[in-house]
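Spelled out, the chains give:
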Amino acid sequence: GAVVSQHPSRVICKSGTSVKIECRSLDFQATTMFWYRQFPKQSLMLMATSNEGSKATYEQGVEKDKFLINHASLTLSTLTVTSAHPEDSSFYICSARGTGDSPLHFGNGTRLTVT
Amino acid sequence: GENVEQHPSTLSVQEGDSAVIKCTYSDSASNYFPWYKQELGKRPQLIIDIRSNVGEKKDQRIAVTLNKTAKHFSLHITETQPEDSAVYFCAASGLVTGGGNKLTFGTGTQLKVEL
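As you go down the protein sequences, you meet chains A and B in turn.
With this note's numbering applied, the first sequence covers 1 to 115.
With this note's numbering applied, the second sequence covers 1001 to 1115.
Some hints could be false.
[What the hints assert, rightly or not] The calculated lysine-lysine pairs, modelled on DSSO-like cross-linking and capped at a C-alpha distance of 27 Å, are:
id: 1; chain 1: A; residue 1: 14; chain 2: B; residue 2: 1042
id: 2; chain 1: A; residue 1: 66; chain 2: B; residue 2: 1022
id: 3; chain 1: B; residue 1: 1037; chain 2: A; residue 2: 41
id: 4; chain 1: A; residue 1: 55; chain 2: B; residue 2: 1058
id: 5; chain 1: A; residue 1: 41; chain 2: B; residue 2: 1071
id: 6; chain 1: A; residue 1: 41; chain 2: B; residue 2: 1112
id: 7; chain 1: A; residue 1: 41; chain 2: B; residue 2: 1042
id: 8; chain 1: B; residue 1: 1071; chain 2: B; residue 2: 1037
id: 9; chain 1: B; residue 1: 1058; chain 2: B; residue 2: 1071
id: 10; chain 1: B; residue 1: 1022; chain 2: B; residue 2: 1042
Quick caveat, the hints were computed from the structure, so don't treat them as lab data.
These numbers come from a predicted model, not from an experiment.
Model the full assembly from the supplied sequences, consistent with the hints where possible.
What follows is the structure in structure tokens.
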């Protein structure tokens, strides 16, 4: 079945620094990937839709200059949290869907802690 | 945009009993309804999904029903086991080729199966 790989799984960084998270589709091509954020005991909130070869589409309230998304190829999307602050600490999960009506598959997620 | 409501937020059942989780959605154009199981600190795992051209789907102890007129769908787990304990999320989206449609998630249900 479809596999989505995400790393790092955990990262701790200091306030003001930037962190890059990678999301790869290992056995299928994904023209579209999705980035979600999940706070403890809450649901998954869509941050943005990553489109290969074009700009990402951000959800309302998500700062595009703070959460930089690059979808450079059909198998790789990256999310960079710039100038991270403690309130950015969260669980970030990417997801991708293959062609046709295949289901959405999630990466393992990245636990970001900003100190 | 789509709005998905889910209840109950917590559900405790005795081992062997059935569990039912209900969701409603707002966008009549949605036609794909997956259910995910998420264990603590892990990625959501797809357990079952249903498309709008059917009213019910079953996979062993898990079943999902869909009422498009009322815009609600439900997850049914029979003969519950302790390993069913997790957070369950419903979701809704349109379904088009190319995988471009985003999922909107419900708020989640913490299911606890007690011995």
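Q) Is it true that the CA of residue 41 of chain A sits at most 27 Å from the CA of residue 1112 of chain B? A) holds, 14 Å
Q) Going straight from one Cα to the other, do residue 14 of chain A and residue 1042 of chain B come out at no more than 27 Å? A) Holds: residue 14 of chain A and residue 1042 of chain B sit about 24 Å apart, inside 27 Å.
Q: Verify the proposed pairing of residue 1058 of chain B with residue 1071 of chain B, using a straight-line Cα cut of 27 Å.
A: Between residue 1058 of chain B and residue 1071 of chain B the Cα gap is close to 19 Å, so the pair holds against 27 Å.
Q: Please work out if residue 41 of chain A and residue 1042 of chain B have their alpha carbons no farther apart than 27 Å.
A: holds, 13 Å
Q. Holds or violated: are the alpha carbons of residue 55 of chain A and residue 1058 of chain B at most 27 Å from each other?
A. With a Cα-Cα distance of about 39 Å, the restraint between residue 55 of chain A and residue 1058 of chain B is violated, given a limit of 27 Å.
(Q) Hint check: residue 1022 of chain B vs residue 1042 of chain B, CA-CA at most 27 Å. Holds or violated? (A) With a Cα-Cα distance of about 23 Å, the restraint between residue 1022 of chain B and residue 1042 of chain B holds, given a limit of 27 Å.
**Q.** Given pair status - residue 1022 of chain B, residue 66 of chain A, alpha carbons within 27 Å
**A.** Violated, because 36 Å separates the two Cα atoms, which is more than 27 Å.
Q.
Given the hinted pair residue 1071 of chain B and residue 1037 of chain B, is their Cα-Cα distance within 27 Å?
A. holds, 22 Å
Q) If you draw a straight line from the CA of residue 41 of chain A to the CA of residue 1071 of chain B, is it 27 Å or shorter? A) OK: residue 41 of chain A and residue 1071 of chain B at ~26 Å, within 27 Å.
Q: Verify the proposed pairing of residue 1037 of chain B with residue 41 of chain A, using a straight-line Cα cut of 27 Å.
A: holds, 14 Å
Of the numbered hints listed earlier, those contradicted by the structure are 2, 4.
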